[in-house]
Each structure stands twice: as C-alpha cells, then as structure tokens.
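Protein chains: 6
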Amino acid sequence: MGRKMKKELKRVLSFGAHPDDIEIGCGGTEALLAQKGYEITHVILTSGEAGSDRIPPWEMSAIREKEAIKAAKVIGACGVEFMKYPDGLTGFTREMKVDMIRIIRRLKPHILFVHERNESSLGHRVASELVLEALQAGSGPWFQEAGGEPWSPEIVLGYEVWHPLGRYELSVDISATLETKLKALTCHRSQTAGVRYDEAVRGLARWRGVMSLSGGDAEVFEVIKASQNAINCFKF
Amino acid sequence: MGRKMKKELKRVLSFGAHPDDIEIGCGGTEALLAQKGYEITHVILTSGEAGSDRIPPWEMSAIREKEAIKAAKVIGACGVEFMKYPDGLTGFTREMKVDMIRIIRRLKPHILFVHERNESSLGHRVASELVLEALQAGSGPWFQEAGGEPWSPEIVLGYEVWHPLGRYELSVDISATLETKLKALTCHRSQTAGVRYDEAVRGLARWRGVMSLSGGDAEVFEVIKASQNAINCFKF
Amino acid sequence: MGRKMKKELKRVLSFGAHPDDIEIGCGGTEALLAQKGYEITHVILTSGEAGSDRIPPWEMSAIREKEAIKAAKVIGACGVEFMKYPDGLTGFTREMKVDMIRIIRRLKPHILFVHERNESSLGHRVASELVLEALQAGSGPWFQEAGGEPWSPEIVLGYEVWHPLGRYELSVDISATLETKLKALTCHRSQTAGVRYDEAVRGLARWRGVMSLSGGDAEVFEVIKASQNAINCFKF
Amino acid sequence: MGRKMKKELKRVLSFGAHPDDIEIGCGGTEALLAQKGYEITHVILTSGEAGSDRIPPWEMSAIREKEAIKAAKVIGACGVEFMKYPDGLTGFTREMKVDMIRIIRRLKPHILFVHERNESSLGHRVASELVLEALQAGSGPWFQEAGGEPWSPEIVLGYEVWHPLGRYELSVDISATLETKLKALTCHRSQTAGVRYDEAVRGLARWRGVMSLSGGDAEVFEVIKASQNAINCFKF
Amino acid sequence: MGRKMKKELKRVLSFGAHPDDIEIGCGGTEALLAQKGYEITHVILTSGEAGSDRIPPWEMSAIREKEAIKAAKVIGACGVEFMKYPDGLTGFTREMKVDMIRIIRRLKPHILFVHERNESSLGHRVASELVLEALQAGSGPWFQEAGGEPWSPEIVLGYEVWHPLGRYELSVDISATLETKLKALTCHRSQTAGVRYDEAVRGLARWRGVMSLSGGDAEVFEVIKASQNAINCFKF
Amino acid sequence: MGRKMKKELKRVLSFGAHPDDIEIGCGGTEALLAQKGYEITHVILTSGEAGSDRIPPWEMSAIREKEAIKAAKVIGACGVEFMKYPDGLTGFTREMKVDMIRIIRRLKPHILFVHERNESSLGHRVASELVLEALQAGSGPWFQEAGGEPWSPEIVLGYEVWHPLGRYELSVDISATLETKLKALTCHRSQTAGVRYDEAVRGLARWRGVMSLSGGDAEVFEVIKASQNAINCFKF
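Here the protein sequences line up with chains A, B, C, D, E and F, keeping their order.
Okay, so the first sequence: first residue is -4 according to the numbering used here, each after it adds one.
Okay, so the second sequence: first residue is -4 according to the numbering used here, each after it adds one.
Okay, so the third sequence: first residue is -4 according to the numbering used here, each after it adds one.
Okay, so the fourth sequence: first residue is -4 according to the numbering used here, each after it adds one.
Okay, so the fifth sequence: first residue is -4 according to the numbering used here, each after it adds one.
Okay, so the sixth sequence: first residue is -4 according to the numbering used here, each after it adds one.
Some hints could be false.
Identical copies look the same in the list; a pair holds intra-copy or inter-copy alike.
Below, a list of computed lysine-lysine pairs in the DSSO-like style, where the Cα atoms sit at most 30 Å apart [as the list claims (entries may be wrong)]:
no. : residue 1 : residue 2
1   : K61       : K230
2   : K178      : K230
3   : K230      : K68
4   : K230      : K79
Keep in mind the hints are simulated off the structure, nothing from the lab.
Note that this is a predicted model, so its numbers are computed, not measured.
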C-alpha cells in the first residue's frame, strides 16, 4: 500500500452496547471493509458485566473485554475502546451524549454502524438512541464542550442483533467473510457457551441471503443517513 | 383411537396466499399437531401461477396445486382446498370475504393459522387482512348469505414468511418436526429450484430457536386472538 | 384440597404502578384465579403518595398502602409488596431493573400481569417497560447480582387502566366476580372519593363484555408472551 | 327563532358505515347540537343488510333504513340519505369518492362527523378513509365532475364505535342527552336484540366521562381537522 | 381597554426547549394573539448554552437569555421565565415534572403551546413529553406538593421546529405577522449567524400556506387537546 | 462525450401519480443527473384530468399531458410515458401491477424515484404502493406474463409532494438546479395558476437546505432500497 492508498483510507466506527454485538450485527461487512483497507474502530458502551448468572460482574467485565479485543482482531479492526458504562442501560445522560459527540468528532468516521432503531432489547435501543442523538448534535455548530469540529459520517447504518429488521434498505453479501465473522463471534466464549449465538447467526445470514435473492449469506442494514458522497450516482 | 378420542379431535385451519406459504410459516407446528391427532385443512388462496418467469400461468397453477397436495400429505394434513383467486392479490372483494366466512363457519376450526399482519409482501398482507376481516364478521350474528352459525376459533396465530415478526408472542419448539417441515417444503420443487427456501427456513428456525432460548429449532407466532379456553389457566 | 392439588397450585404475580391499578386492570380475573386456588402476589411500585392535592405525600402513602392491603384481601391475593419508588415515575434506573429481576426469580410466577405497553399515563408506561425489560433480562443466564435462576412465566398479560387497549388478544368473562372487583376497588377510598373509578370500571366492563360478544362483563388483555405450556393445544 | 337565528344556523353532516353507527358514535353530541338549532344530516353508506344471520339481506336493508330514520328523528336530525353501497365494504372506488365530494359540496357542512381513522372494523375504516379522502379532494379546485364549489368544514371529528380511541383530543359532556342517545339507539331493534349495544354504550359513556374528569357521561372525538374559525381564540 | 376587556383577557403559555424554539414554532400565531390582547408568557427549559461550538456554555446562556427576552418583546409577550435546565436534555426527572405542574397551575393558561410529539430532536421531544405529562398530572386532584388547583388549558397545540408535522389539524394564516415573526427570530443572532433559520422559516411558512390552500403564509399545529369551550360550536 | 461515456450512461425511471408530481418531488435532482448524462424517463400514472373544478376531464388530460412533456424537456428527461389510469386512484389492480413490472423490466433503471410511502394524499400513496409492490414482484423469477428478466434498480428513492417526510435518509443539494426545477414546474400552468406550487416548492427547498445544514436549497428523499453497488464503500 503506497502513499496514495493511505490517503484514501476510509474510517469506520462501530458502536455496540455489549462486547459481542458488533460482531453479531455487522462483523461480516466489517471484515470485507477491513480487507479493502478501511480503518475500523469499535466502541463498546458497556463491558457486559451482567452477561452471566454465575460469574460476578467484576470478573465478567475483564473476561469480556479480552474477548472483544480478540474478536476485533479476527475481524481486522484497528482498535477497541471501552466506555465502561454500567451493563443493563435503561437510559442515557447528557454526559454520555457529550462523550459520544467527542468520539465522533475525534475519529471522524466515514461509515458508522450502530444498533438499529427498533431493537427489542432496551440496552440496545438505548445505545442506538444515544449514538444517533450524538450524531445529530455533533454535526452542527453546537456543544463546544465536546471539542472538535462538526462532523457527519457519509453513511450511517443500523444493524440487527436480537430483533430482526422488519424492513431493511441495504443487504450486503458476506459469503466471503461468514467464516471470519463466526470465528470472531466464537471469541466471545463466555457468551456462546450458554447460548449458541454462532449457530443463530449462521442461520440468520442464510435466511437473509436467500430472501434477498442474492443466493449467498447476507447481513442486512437499516440506512439511517446517507450523504450524496456515499451514493455513487449522487456525487455531483 | 377410540370414540372418545375422536370426539376430542380438534380442528386446525390454515390459510396461505400461495401454495408453499403454510409449510414455510407453520409446517413444523402443524406436523406436531398432526401427530397428536388434530385434523388439519389447508386453504390456499391463489394457486401461485405467477410463481415463475419461464412457465406460463396455466401450467404453473396445475404444477403448484400438485406440489401443495403432496406437501400437505407430508405434514399430515387431511385436506387442501384451492380458492383459485388470481395470484398477485392487490386487495380483496366483498365476495372473497363472504367465501372466507363460509369456510370458517363450515370447518369450525379450533386453531387458525394465517399470515401475520405486517408482512412486507402485499399478497400475504392482503391474505391476512381478508381472513381476519372474515373472522370478525363471521363471529357474530351477521352475514346470513354465508350460511352457518357464528364461529370463533379458540386461538388465531399469525405466521411469518417473507418478513420476520418484529415481536412475537408464542414460540413453538419444532426440533422434532423440522425435517418433516423441510421435506414438505421441498415438495414445492417449482419454487425451491430457483430460490433456496429450504435453506432459508432451516436458518431462520435455528435463529428463532436460539434467540428464544429454547435451544432447539423454532417457529414463532403472533397471537392474534385467544379465547379463555385456549389458555390453560383461564378455563374457569 | 389434597396434596396433589397443592402441588399443582400456580402462582400469579401482578405489578401495578399505583396501589389501585391492579384492581382496576385485572381484579376480576384475579378473583377468578383466586377461587381456583392460585397464589396471587401484588407488587406495587409506588405507594401513590402524589394521589391527592390536599393530603401531603407522607400521609398519603400510608393511607394508600393500607387500602391496597385491604383490596388485595377482597380479591383473594396472598400478599402485597411495596417497592416505595417515588410516585410520578418518569423513567427507571438499572437498580430498579435488578429489583424486578430479583422479584421475578424469587416468586417464579406462572402468570404475570402488568400495565399494557401503550398506556397514555407515563407512570403506567414506565411500569410496563420496567417489568417487561426485567422479564427479558431475567429469563436468560444473565444478571448474577439479582440472584436466583433464570425464570419465564407461562403467560404475560397487559391490562388496561387509563388508556383503552386498541387491540386485545384475550377477553376474560368476569361476570361472576365483577362485584368482588368493585368491592376491592372501593377499598381505595382516598381515590374513588374524588374520581368515580368504580363507576368507570363497571361501565368499561360492560362495554368490553358486549363488544367481545360474550354478553357478560369482561376484562380484556394484551397477550405479551405465552409459552407452549400456557396454550392448551401446544402442550406436546 | 327569528331571522337572525336562521342566518346563524350551522350545518352538521355525519357519515356512518351502517345505520346505527352515527347514534353509537356521536348521537349524544348531535342531540346537543340539534337543541341549539343546528341542521343535522345523516349519510349512511350501507343499509346494513348483512346485519343478521337469520334475515335475508333484501329484508334487512328495508328494516334497517326505517330504524335509521326513526333514530335520526329522536336525535333531532333533519334528514337521512342512504348511499346503499353493499354492506361489508372492503375498499372504495373512484365513483364512491366522487359521490362523497358531491355530497359535501352540496350540503356545505360546518361540522363533519365520521368514523375515527383507526377503527378495527374494516367496513368502518373504509368509511373513514373514503370520507376523508373526499374531504381533501373536495376542498380544492379539483374534480369538476362532482360539481359545486370547493368546500371545507370548520371542524372534522372522528367518533368511536367498535374500537376505542387510544388518544382523543375532544371530550363532550353528554350527560344532558345520554337518554336521548340511548332512546335513538334502541330504535335499531334489529341490532340491539342480538347484541346489547345500548348497555355497552351507556357503559362506555360513563367510563369516558369519569376518566376525562368531567364527572358526567361523555363522548370523545379525534380532532381530524379544525379551521381557525372553529376555535374561539383563533378567530382573528 | 376597559375593565370588562381586562377580565376577558386570555392567557397563553408557551414552552420551548431552547431560547428560539417558540418564535420558530408559533411566533406568528402568538403575535396575532398579542394583538388581540392575550397575555403571553414564554417558559424556556434550557438556556441553550450548547448552542455553539466556539463560545463556552457559561457565556452562551447569558447571550441567549438576552436574545430570548428581546424576541419575546417583538412578539408582544409579557414575560419570559428560564428554567435553566442543562441544554441537551436526554430525559426528565420527577422534579422537573413537578416544576411544570406548578407553573401551569400558577399561570392558568387558556392556550398552551409546546413542541409537537414526534419531533426528531431528542431535546425537543423530551420537552414535549415533560409538558404533556405535567398537563395530565396537573389536571386532576393529584400532586399536592406542586401546590395550586387542578388546571386544564382550553386548547393545547403542538408546534413544529426541526421536524415537519406529518399530519396537522390546525393551520393558522400568519401573513399579517410573518415579518414580526422573522424580526423576533433574528433577535437570536447567536443562532441565525451560523444557520439561516430565518430563511428556513420563511420558506416553510410559504410552503405551509400554499399547501393548506390558504394562499398566504401559515403556521401549522397538532391539536393535542381541546375543551368544549375552545371550539365554537361545542359551547353548550 | 465519447463511446466509453455512452456505455456508462445510467438510466433513471421516475413515477408520478399526476403530471406535475415528479417535478415537485425530484425535479432538481433529476436536472443534476441529466447534466451528468443520465437517461431519464417519466412514467405518469394518471393524466390528472381531475385537476380542475372548471375544465372538463377530457380537455384537462390533454392539457396536462402537454404540460408534462414540456416540463420533462426542461428537466432534461428523454421521454414521458402516460399510463392514463383514471385520476383519483383509490387502489390498484393486478393488471396495473403487471403493467409496472413490465415497464421496470423493459427500462431496467439504475435509479428509481417514486412517491414516498407515507404520503397523505391517497392517490400518491397508491402510486407508491403500486410501484413498490411491482418492484418486489419484478425482482425475482416470477410473473412470466410481464415478460422480461428479473430486474432491481441500484437505488430506490421516495420523494415528497403534499406531505413532508418526517424522517429522510438522503438530502441532495439542488442549489445549482433550483431555477430549472421551478421553470419545469411552471410549465404546469393549469395547476400553478390556482395554487402557487412554485412558491411552495421554493420555500420547502430553502427550509430543507437550511435544516440539513447544507446551507443551499435541497430535495430530501427516503432511501427505500439500495444495492451494494449504489453505495461507494460497499462495492467489494
């Protein structure tokens, strides 16, 4: 990769409520982007310390952060940041909103992934609302305290985890990276031991692939925002 | 099965917009009910003559009706009725509504399956509205022209086909009949040759099973109406 | 009632935002269940101390707790627990969610009643969301800090108080217990003195009964979740 | 009533899908308006010939039209028009839309009542959509074939029949005319013999009255459109 | 204006999340009401201190409060109250709800303006929910701690700011006060310097005016609640 | 433009319910695409013969077709096709759906514009549903009678006309073509004489431009479907 390529590198920022959500929701698409040289960062809101009824929270969070780092490497992400908010989010504060604005303005992502807006799990829905609210607030001449310049990603996509998207606007063929996605997912051993998310995710990818008529395996997304630049034909 | 058992036999009535919808949506649950001795009837609104871009409609409908009969046998259903409405429903008429009232009052089902209410496919959504409208109209002292007595099933369930249910109220473990369901589905060769519905359905069943924490394979349903009799604890 | 019957006793757990909500929403159905030997527990989130513009909060909560205990006895409930959250809920915290998981896992209810999901009153809607969120979180291998084993009721029903259910899935004929329900309701004298909830509730029961074609008086419910066990025909 | 009063007379136009819907939904409010000298016209879309499972349609429609005329007199309406569309509406045609535009432009109502928009009964929902679509189309310089001048009522209100309004904007105290409303309703003997709509409606009026804190009996309405003239404070 | 007129003076209370929202949403209508002698009070929830990415919050809030006072004078409002809640609301507390009840019961408004319910901006949506929740709670014999008597405005209207109303019930012709509205809006120099809200608002008023067929400029509103008194024809 | 450019030419297909809807909804964006060499076709479902209360339908349709052809030329479109369905659509038939499939498969568009899905005008909403239903049905191996091969556009966008989009996903800066858009719009003299759509549209474009923070004039769109190819970063 020469200098020109470097300059063209695009940045991806993915937010997840728990350490394994990003892999479940958009791991296959991220792996494809990583192969094309995109710089991918994961921001994980809670360290998932409530993710067991056996292991106490303080041990669990350490275990799950390690799993998240491992999984991110498998996907090809460059970094993982942990916000360490308490697992089991029931809402968000103004401070958390400012945190998110700060991160978005610092990392200046071109592509942003986040939980889709209608998730049945409250923790996921809160994550979605928090990030989307920060996106709006961070895009204009507001919130001096968050520092940085106003920023808007070129495309914002919502991914599905516990709740299937009723309508989706974009389907991505992940046949080429499904195994990478599943390998990343199985890094989250503390979770997949109890619930076979890996099998579930393989099943859903197949269903999505067939029903979108692509024939392969697929991840589907809600298009939350797209700039003219993001869409080929509208680059005037 | 003695006389008493006979008397207790319960009746199931399933409506599908196309010849393969019932198997896709509730074939596994039906197979379980068939094993318990329920009498199952399929009513298929259109004969799916638009289900190909190669074969002309008049041939297609004959092919698909045969497939539907074969598949119903695999499931263990007792009968299939074809309404022969034109495939590609965009609405329904008063006459179709009276047809449905007549069928419901004649067959007096205890369990009724139909497409769920938010299906993305218009033909499926029309089927759902038509049957649910007939259910309401057929349950009271109305529509003399349809004949018969007012009738209400004990439970009415909506199944998913092209569009995943965002929320569902009932999940049925179909691990024991998944293979029967898939066998029935592959009777619809004219369809599965072009689009691998069988693989899609296997994938979705796995996803539903894992995410409902049952661990097996599952079909999920929207509970549209339930009588006190249908629910154990409310039989006073 | 012999030993076998005892063993079969089923447990009911009802949540209400205020001391009189449960009686208004599902008092008639509870009375029927009590007659069949179900063990019923009421959990009341706030003690309704804002329920007057004359009496100061600290007196009001004591009055209303006594009223709630009296009313529960009339219904035939076994116990009432007061969470003493501040009346006028505008949201809920993670701690409240853990409280609810703990109660559900401790009491292991087979039937769970809670405010329906679309209530127009914010305090009621918050109660509904809180309990349903705890139900989901308490049903899997999560939240060690709440203690106990994962638990899921066989049926979860939403009842109506201030806001009528637009759609309901289950109607229960309470003709036999309407007077018991009203007697329980009038125990909440601090409330019915100002607003004639008793007359309102009698009127709604009649409307629901007639419009559901049962002919008697009725309470109607949103079916939020039902297990295969809860529904007669799906006990395989 | 002198000349000045005459000039001030306002016109009310109410649409109902069946002969008894208007009395059920807004009979109490209409009776109040009649007492104030408003000229009230009822337009009944179908003659309700499907309203029995005993009496054949052709007899039923004649019976019900007579009942509707009687009931309108009790309320104090000036006229009833029957569109004689087939009972059991499943949609509407362009011709029906033009019919409605013609009626609205001819009668030039100041107040218009129609089924609320979310009715669970399809026939009622179709009536609502048909009339509201005609209202929009009839308000501008369009549809020459309907004749007349563009017209918009000062206020358009949706009333409830089978399905309770989840949210309502206007509650009218009908304590003074409840008995008139019920007397009008019982004119529809062919209906109230089978289903006690009168008792249902009395119950709902009480519930609405208490819950809207008026203390009396009430009818509630969806405000669908209001002009500046209709609202006191906005007459500039 | 003599004594009788004084007595008839009506009170308007408008709530805004930020210092410029009221002018944007209902400034033209308020100016018309002011001309008719209505007493108008503005209650501004946050002082908009996050409204810049250059100026620190503590300076910003002082600047914007001054702008709000100036703008209110242009409109003809009598007073402005600042709640000084932190800008960037992500929810509201019980205390804030009691604050709002207290204000409503103290100022006893006949007309109340607030952000419409579906605003896309979270801060605006929170403001809407907070005020509407306080309206409901303040209208009955509840919340002794807020003091005062139960109060309900005659009409409650939702105005649009960032998000256009999909459906509106009331359109007010503001041709006569559009320039006043824009003059008031340009008092918010700290905001209009960066984003040309004035041009946006002029554009929207024109669109609303033409599309409502009034031909002039218009502000449109969601009718959230209307009493019988508010609507001419229902003053019985 | 040499041969290579020709080969790259992309095709745009826009559907409108009436002769002026396309110009109002996406005329500015189309003009930009025309400048880049896209081949644009307009398909107009009804010839708008109900668009006057003075001129009889048979004259009106001829007038409006001429206006539509003129306007399309101003925009830079290559062709206009008239379906001549009766103006005032209240639903669509199976035949109309097959018509639409045939057109889509014949013209093989890369970009497709259609009325957005929540339009308040029924005729527009019907147009939207009809085209979207045909898109789904035309994309798979179905509907032999429509001829042609399955086809899916790379991007499907919903435009706003009478009803503002509550949420939009894509905003296009049309500052460079606003005057062209308005010039095209004023070709529809039979319409703009009565209602100043041109001023309305200019106003909305300004509001959309400012509120999307682009600063210029804008058209906004609902992204209904996007393929991987349509979005820059997902061309793997």
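From the Cα coordinates, with 30 Å as the cut-off, is the pair K178 and K230 best called within, between, both, or neither?
between (37 Å within a copy, 24 Å between copies)
Alpha-carbon proximity context of K230 and K79, limit 30 Å
Result: close neither inside a copy nor across copies, 39 Å intra and 35 Å inter.
Measure nothing new, just compare the shortest in-copy and cross-copy C-alpha distances for K61 and K230 to 30 Å and report within, between, both or neither.
neither (41 Å within a copy, 32 Å between copies)
Can you tell me if K230 and K68 fall within 30 Å by alpha carbon in one copy, between copies, both or neither?
Intra 33 Å, inter 23 Å, cutoff 30 Å: inter-copy only.
Of the numbered hints listed earlier, those contradicted by the structure are 1, 4.
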